[in-house]
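Q: Sequence:
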Amino acid sequence: MKSNNLIAYAVDFTSFFIQNIEEVERHEIKNIILFGSIARADFDKNSDVDIFIETANKNIEIKAEKILNDFYKSLKYTKYWRLFGVNNEISLKVGELDKWELKSSIISNGVILYGKYRSDVTETKTKQYTLFELKIKGKRKNMIRIWRKLYGYKQKVGKKWYNTDGLIKHFNGEKIGKAIFIIPIENTQPVLKYLKDNKVTCLIHNIWKGEI
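Plus 1102 on top of the position in the sequence shown (first one is 1) and you've got my numbering.
Rather than coming from a laboratory, the hints here were simulated on the basis of the structure.
Treat the hints with care, since some could be wrong.
Straight-line Cα separation of at most 30 Å, DSBU-like style, residue types lysine-lysine; simulated pairs [stated by the list, open to error]: (1) K1280 with K1237; (2) K1239 with K1251; (3) K1205 with K1195; (4) K1298 with K1229; (5) K1262 with K1237; (6) K1243 with K1277; (7) K1295 with K1271; (8) K1280 with K1229; (9) K1195 with K1239; (10) K1301 with K1237; (11) K1205 with K1298.
If you anchor each label on the Cβ, the simulated ranges turn out as follows [said to hold, decoys possible]: (12) K1178 with W1310: 35 to 43 Å; (13) W1202 with Y1255: 54 to 62 Å; (14) N1265 with G1217: 40 to 48 Å; (15) K1147 with G1279: 17 to 25 Å; (16) T1180 with Q1257: 37 to 45 Å; (17) N1189 with K1262: 24 to 32 Å.
Cβ atoms here follow ideal geometry from the backbone N, Cα and C, with glycine treated the same way.
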C-alpha cells in the first residue's frame, strides 16, 4: 500500500472531523497532524494511522471518539475506503502538544492535515538527531565492510583517488567519535535498518543540536 493512499485517508477523516464540530470549536484547533509510521513512510499494511489534534478545548477531546466512530459508519469509509482496501485503524490523540511525550516525534516527522503548524522549537535554530553508539564485534573483514558502508572510503585507481560517501554523509549525519555518530531524526530509519540487517548492536539516543 502506498503512503499517499493512507495520507489521503487521513485527510478525508480530518475533513469529516472538522465538518462535525461547531464553528467556534474549529478556531480552537491549532493543528491536526499526521505522525508516526505513516508520516515517516516506514509503515506496514496493518499500521495505525496516528493523528494528533492539538487543542486545549476539553469538549473537542470528548467529542473525538464519537466522531471517529461516525466516520467508520460514513459512506466515504464504507463505500470507498473499505472497498479500496484501506481499513487501517485511526488512532487519535487529542490535547495540548507541550504536554505530550510524543512532541519531538510530531515536530520532526509530522504532516500537517489542518492548520499551520509552528512551535517554539521549530522557530529556533535547533534540530533533532538520533545519536548512535555502535558495538561492532566479529571478523575483521566484516567490520571493515560495515565501517566503509557507514563512513565511506577512498580508493586509488591508477593515479587517481576516488571518494565513496557512506551512509552517514548521505543522510546528512556527522561523526562524533569512534563508533559514535548522529543522523537527523527524519533519516534514522534507513540507517537503523542497515545496522539491524547486519546484526550490529547499538545504543540510540534522541538529542537536540543547534542554537537556542
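Q: Decide, hint by hint, whether the structure agrees.
A: Do the hints match the structure? See the list:
no.	hint	verdict
1	K1280 with K1237	holds (11 Å)
2	K1239 with K1251	holds (16 Å)
3	K1205 with K1195	holds (12 Å)
4	K1298 with K1229	holds (25 Å)
5	K1262 with K1237	violated (34 Å)
6	K1243 with K1277	holds (22 Å)
7	K1295 with K1271	holds (16 Å)
8	K1280 with K1229	holds (23 Å)
9	K1195 with K1239	violated (41 Å)
10	K1301 with K1237	holds (10 Å)
11	K1205 with K1298	holds (26 Å)
12	K1178 with W1310: 35 to 43 Å	holds (40 Å)
13	W1202 with Y1255: 54 to 62 Å	violated (42 Å)
14	N1265 with G1217: 40 to 48 Å	holds (44 Å)
15	K1147 with G1279: 17 to 25 Å	violated (40 Å)
16	T1180 with Q1257: 37 to 45 Å	violated (59 Å)
17	N1189 with K1262: 24 to 32 Å	violated (56 Å)
Checked against the numbered hints listed earlier, the structure breaks hints 5, 9, 13, 15, 16, 17; every other hint is satisfied.
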